[in-house]
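Novice: Quick note, the sequences are listed as chains P, E, Z and X, same order. Using the numbering used here, you'd call the opening residue of the first sequence number 1 and step up by one each time. Using the numbering used here, you'd call the opening residue of the second sequence number 1 and step up by one each time. Using the numbering used here, you'd call the opening residue of the third sequence number 1 and step up by one each time. Using the numbering used here, you'd call the opening residue of the fourth sequence number 1 and step up by one each time.
Hint data in this document are derived by calculation from the structure and do not stem from the laboratory. One or more of the hints may lead you astray.
Same chains, same label: a pair holds when it works inside one copy or across any pair of copies.
Pairs of lysine-lysine residues, derived as DSS-like cross-links and limited to a Cα-Cα distance of at most 27 Å, are as follows [as the list claims (entries may be wrong)]:
#, residue 1, residue 2
1, K39, K150
2, K89, K150
3, K39, K153
4, K25, K39
5, K71, K39
6, K150, K98
These figures come from a predicted structure and were not determined experimentally.
4 protein chains.
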Amino acid sequence: MIRIFVTGGTFDKEYNEIEGTLFFKDTHVTEMLNLGRCKVPFEIRTLMLVDSLEMTETDRQIILDHCRKSKEDRIVITHGTDTMAETAKILGEAKLDKTIVLTGAMIPYKFGSSDGLFNLGSAFAFAQSLPAGVYVAMNGRYFSWDNVRKNRKTGQFEENS
Amino acid sequence: MIRIFVTGGTFDKEYNEIEGTLFFKDTHVTEMLNLGRCKVPFEIRTLMLVDSLEMTETDRQIILDHCRKSKEDRIVITHGTDTMAETAKILGEAKLDKTIVLTGAMIPYKFGSSDGLFNLGSAFAFAQSLPAGVYVAMNGRYFSWDNVRKNRKTGQFEENS
Amino acid sequence: MIRIFVTGGTFDKEYNEIEGTLFFKDTHVTEMLNLGRCKVPFEIRTLMLVDSLEMTETDRQIILDHCRKSKEDRIVITHGTDTMAETAKILGEAKLDKTIVLTGAMIPYKFGSSDGLFNLGSAFAFAQSLPAGVYVAMNGRYFSWDNVRKNRKTGQFEENS
Amino acid sequence: MIRIFVTGGTFDKEYNEIEGTLFFKDTHVTEMLNLGRCKVPFEIRTLMLVDSLEMTETDRQIILDHCRKSKEDRIVITHGTDTMAETAKILGEAKLDKTIVLTGAMIPYKFGSSDGLFNLGSAFAFAQSLPAGVYVAMNGRYFSWDNVRKNRKTGQFEENS
């Protein structure tokens, strides 16, 4: 059983055709897992739907709190990429005895050419196969929470050093 | 470094608009990895482009031979789903000291609603995180080569017993 | 008010992921008109869902009969491309005082890269703007029923002479 | 021969994955006409790539000037929807002896679920079949330049009265 916590991010953004802006309506993660014919049992809960640049310390405490209380010890968190590394750090420092994998997307799932489905597939796989710890799954790789950052110029994740 | 061997399967089928039939032209795996913004170094080689129902024992020996001779010890094989379990068995019995992950798709990548990108993401992740062995990565899970079959009615992979 | 008669064709084909074959389940024309935000009032009726290579003379008489009895004098017919010109001829020779436009697609709508939405947009426009007569709307153009054929090699429609 | 003038609008917007914003890179109209297997000869020229809310009177004079000087007497203009009716009015009052059809989209073509392909198909058809005049082709219909407005709440085009 995998626990999924949804927090928003580009992953779940949609285009508002009246306003011409991007917004959140609902998460697409269940739809994506169905498209991937995923048969791993999962429980999904939307904690918030925010752009990660607007995520507060309170939001991060809510995420940590849910990870701590989760009965499942394998957790996937969908998250905006801009501050994914910050949230990973908060979760990593808590040293929970669980495998927690954060993932996201550079392009909204609804825009057709999204990396989201690939990332979700890899996050689900890492959540099942990695030992307890907190990881970022992006660009086909996994990164440990204490050695990852997003390169804002390239849009890619990389190690700090 | 991940080695990818392409063998065909639904993954890479396209629609011939003049004939109204499905056919193989070229593999889409590189395009899919680019869409997934995959930054894991990889080398790709197309061994064949066949429907797995038409795969022969000679074809399987070619695949085994390439796995054996591959310098990389982490290998992803794209393969039709119908006989994926048979090829996994041939590779598993050879007891190579490598992590070999077979994956495929139920819907062609080119048809828009494919599970292929999800599966490729999970196969890449399992190839990096699982110990030496031969695995099938489908339906968001991994299966050991000696305990997997495709359920032809549901189209899903499951354990033998 | 535009009357739509659905007869099948590549337009409405889908991929059966268990069998690996193309089949008909239901028409996508309403979904396509919604995607096009079409606000022209229309009534849709599925007469049959067949590959046009398998369309019989009885089928064509059914189509003609429905065109004859239709209260609306502007009609769009979705049809397989292979024998679209034959059906157009049957309808044209009946000399009904209605504007009848046949259209179809080279690629199934569900496959993502279909010409179907473009063709449906043009067929709807021609049905509103052309005088009474029978036309084929394909390749961005319209052809009169008595001077059109499909070039089987190129997949394009052209005049007979 | 149809002359196409590109002015931008939602039609041609893309998603900048580094900035998380919408922007213009290049027009997709040729790609869309190829997808629609359009065989009507056309010449395309990009006059500007702007959001129509930012279109100036100078921009509109440039569009009018190009319509006036165009050798072709059948013209399609791609345009943002917000001020499409204003530009149509400028062009209509000039009383050129040409068939000019403006069209656009509510959703960017690149976002997969766009109405753009349907609209372009209908605009091309109306440009070939309507008498000289200036028209807006949206929502599957055509509107005369002197009796059309966009309803900002519904996002649909409608007659003024």
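Novice: Is it within a copy, between copies, both, or neither that the alpha carbon of K39 lies no farther than 27 Å from that of K150?
Specialist: between (31 Å within a copy, 13 Å between copies)
Novice: When no copy is named, should K71 and K39 be tagged within, between, both, or neither for a Cα gap of at most 27 Å?
Specialist: within (20 Å within a copy, 33 Å between copies)
Novice: At most 27 Å between CA atoms: does that hold for K150 and K98 within a copy, between copies, both, or neither?
Specialist: within (24 Å within a copy, 31 Å between copies)
Novice: Are the CA atoms of K89 and K150 at most 27 Å apart within a copy, between copies, both, or neither?
Specialist: For K89 and K150, the Cα distance is within 27 Å only inside one copy (13 Å; across copies 40 Å).
Novice: Should K39 paired with K153 be assigned to within, between, both, or neither, using CA atoms and 27 Å as the limit?
Specialist: Answer is between; shortest inter-copy Cα gap is 15 Å, intra-copy 37 Å.
Novice: Since the copies are identical, ignore which copy is meant and state whether K25 and K39 lie within 27 Å (CA to CA) inside a copy, between copies, both or neither.
Specialist: For K25 and K39, both the intra-copy (26 Å) and inter-copy (25 Å) Cα distances are at most 27 Å.
When each numbered hint is compared with the structure, no violation occurs for any of them.
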